[in-house]
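K.L.:
All chains, please: the whole structure from these sequences, using the hints.
Residue numbers (our numbering), protein chains in the order written: chain A, 1 to 264; chain B, 1001 to 1264; chain C, 2001 to 2264; chain D, 3001 to 3264.
Covered stretches of chain A (chain C as the covering partner; in silico rule of three or more C-beta atoms under 8 Å from a C-beta of chain C):
{"no.": "1", "region": "204 to 210"}
{"no.": "2", "region": "233 to 245"}
Facing chain B, according to a computed beta carbon distance under 10 Å, are these residues of chain A, among others:
{"no.": "3", "residue": "Glu47"}
{"no.": "4", "residue": "Ile197"}
{"no.": "5", "residue": "Leu200"}
{"no.": "6", "residue": "Ile229"}
A few chain D residues that don't get close to chain A, going by computed Cβ distances all over 12 Å:
{"no.": "7", "residue": "Tyr3010"}
{"no.": "8", "residue": "Glu3011"}
{"no.": "9", "residue": "Ala3017"}
{"no.": "10", "residue": "Val3221"}
Everything labelled a hint here was simulated from the structure, so no lab data went into it.
These figures come from a predicted structure and were not determined experimentally.
Glycine is no exception: its CB is placed at the ideal position from the N, C-alpha and C atoms.
Listed below, chain by chain, are the residues.
Protein chains: 4
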Amino acid sequence: MIPGGRRRVYELLELAAPGDHASRACDIFIITLICANVVALILDSVEAIHQAAPLAFTIFEGASVGIFTIEYILRVWSYVEDPRYSHPVRGRMRLVLSPIQLLDLLAILPYLLLLVGLDLRVLRVVRLLARAARLSRYFSGLRTLGNVIHAKRYELFMVTIVLGVLLVLASSLMYFAEREVQPEEYSSIPATMWWTIVTLTTVGYGDVFPVTSAGRLLAGVIAVLGIGIFALPAGILGSGFLEEVQQRQSEPKTCPHCGLEIAD
Amino acid sequence: MIPGGRRRVYELLELAAPGDHASRACDIFIITLICANVVALILDSVEAIHQAAPLAFTIFEGASVGIFTIEYILRVWSYVEDPRYSHPVRGRMRLVLSPIQLLDLLAILPYLLLLVGLDLRVLRVVRLLARAARLSRYFSGLRTLGNVIHAKRYELFMVTIVLGVLLVLASSLMYFAEREVQPEEYSSIPATMWWTIVTLTTVGYGDVFPVTSAGRLLAGVIAVLGIGIFALPAGILGSGFLEEVQQRQSEPKTCPHCGLEIAD
Amino acid sequence: MIPGGRRRVYELLELAAPGDHASRACDIFIITLICANVVALILDSVEAIHQAAPLAFTIFEGASVGIFTIEYILRVWSYVEDPRYSHPVRGRMRLVLSPIQLLDLLAILPYLLLLVGLDLRVLRVVRLLARAARLSRYFSGLRTLGNVIHAKRYELFMVTIVLGVLLVLASSLMYFAEREVQPEEYSSIPATMWWTIVTLTTVGYGDVFPVTSAGRLLAGVIAVLGIGIFALPAGILGSGFLEEVQQRQSEPKTCPHCGLEIAD
Amino acid sequence: MIPGGRRRVYELLELAAPGDHASRACDIFIITLICANVVALILDSVEAIHQAAPLAFTIFEGASVGIFTIEYILRVWSYVEDPRYSHPVRGRMRLVLSPIQLLDLLAILPYLLLLVGLDLRVLRVVRLLARAARLSRYFSGLRTLGNVIHAKRYELFMVTIVLGVLLVLASSLMYFAEREVQPEEYSSIPATMWWTIVTLTTVGYGDVFPVTSAGRLLAGVIAVLGIGIFALPAGILGSGFLEEVQQRQSEPKTCPHCGLEIAD
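P.N.:
Structure follows, in structure tokens:
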């Protein structure tokens, strides 16, 4: 194969350059195939649909994995055209070990293992995740969201810490308050954590709830603290989005008096 | 009919100009009639009220549709006075096909079809929607809200995408975690989606909830992520409202030194 | 009585001036009495406590109303010292008809009517409300909160409108989707509104929930819209609090070059 | 013992200075021991785990308390090296009575009392709290969160006041609306408060809910007000986080015209 052919394959697999219609068609085909696989996995779980056409899903899945395998091999072969992976051996190693490429491998490996006898059906979900992650490469808009979350990752991590401490503390106190009266539901601190998380997030299924006065008093305090658990990330992300907007707006200005640039 | 008469009809149907009391009375009459129709549809659904006066609602509905039909015809006839729709044929076509006018047609069509024998009772709700949409023309204040949501539509759309991916992923994982123990409630991935949406939005009816340890662990993570699903739009809209306010405030200023205008 | 005595009564009843210890003691006594009345009304509703000391509550209530009546009369008598109500007749009329004074009358009237034979027990709650409103006069800090809500009242009102339209629309659609299968729970549109409000606010008791596929799909959309119903006021109030802070910070500045004031 | 030895003990117990590896190891050992104690208390509550190794937990707990006691004594002995507590008697008194040191005492005292015959098992939870509080000293990042909450403590306190008034008022009204039909669930105002807090926080377990029309109307209003209860702290904290960020950014600037510093 000539290097020009390898270059073309690389261009087709990469995000399409403006005007490159063939590459764009290639992108759309892969997106559609990924989406169709997600839909197939969802529909296949419905008993009635699965029994109406049991073979159809198996064949579609096999064909998809075949295409994804070919895509994977072509990518490893052609990506030496990318300056980042230009070395034939070390470049390819780095590509294969990059997170997105490992996810792609995860998306085809379970099926390939199935062919050699290993049944890892639960891995279909992992494959689903791998597929979804692959799609994000086509949604540049998710980057704004990701930027804000990334800029505020430290504050959000601290909220998680606070949530964790609250979870342990509330569960321990609740366990001591309710275990006498409801030994089934509040059988241990880890079991009580189920109640705590359902209350702190204000989901409140109603499968477990306190019945003693002490427990209800405690639950009231915990539920009110749950409001804070909502308010903190809302406040953090709110300020994050605003900073993101302000950063985009703040370009260097020039003073109208002397024409020199003023740092904001 | 003289053109002056057509112009007057146009003025009466349009939002009233300041001081035009007749046109204002016309606006208020239409608003009241729309509200009364909404109230009638609600009350008519109550068995006791419906049986107390079954004819009253039918007569009121017929009369209202009659008035709305006359209004519709008058509008099509008179709106050539509006510069946007001035052409007798093409202007009227554009008016008839404009979204708000199509909604108006939807609001009278089901009843007219009923007269010729087609029973589309479910369309009464669509009519209700059409009526409500009509009212928004009188609430200029909704525009601020709409502006903010419109300015942030891209970020909000991204949140919907994230919600969608979470929905599919969480439902798939939960389905594999709980289907053995609760085959009724978690019968398929689409069925599990009901649980997921009820949990992610923190509604938590309690008709379906996980009972296995793995399922509860997973549900805890999903419920906590649900907090983020609330925090993201709250943060996005928060920054949106602030920008809206700042935009309104930022008028051109003059430099206190030399009296020249400074762009903000 | 000498005018000086009337002036002193006025000072005692008004919020204490700094250093006026007697007036301060008077304030604290009234606050304590109001709080004690609220606590008494709450405790009196507990059967066991009521039966342990049935007379105690009646006596305490009677004594409190007596004090409040004396306070009311003294206020009407002495407030002509206040420049706003200085006219003996017209000033007093204005005082008696002012909202806070009417609330005070509401707080004593039901008991006085009880003495002449009218039993308006449900008015005890109104009295509770009147009492609580009276306390707000001592909490100057609530004013910041009130300012922000007041500054954003228009946007918040618009959210209420949107909530109202959503409520009517969602209830109508849900009624048509579920009434066949659950004629008890979804018996009419007003009855369905109970389900809608419980879902839109994400409370989700679980006493009513959809069981049909169409109903669940619709409920999912409504629950997701419920997130927006939370996000809108959070965003509005967030920007309100920020503006409040910025307004307090923005005082006139002087230019360091020429000493002239610069409007921000 | 020589003063140099006491100084070294002080350095080991304090947060490690950069490069002091022995002190850092000491920090990590204490953190690990605290975490292990929390995990042990949680696991010990699980019946199966407790019975599998009943002695292991007792021994581990005893050993931990032993180490914490030694740490406590060493701290009291060596902290005279700290300038704040340099006085042998008064400095040590101040150290012993400082909040963090009292918490440390609380963490070991219950066990020591157990040795002399007093069984205060419920205090194990308090000990857990004391342990968790101790960890916060190692998480400097929690300070940002704490700063924002501290800066906005007044507004947040006002929200709590509003929540309290709403709680009392809603419970009283609901009690009068539902007590006839559901005398069990709405037996008194304090009992009704359980329903109110579950509704205002939008948890909604579904163990108690109104069934009368008046009660449901009232509950709808209360649930909608519950949205505000979420929106207020979210808005307050949102503006708080933004101010925190702006404060960190605002450093003194120099005027581009004359090079002099301008206060922002």
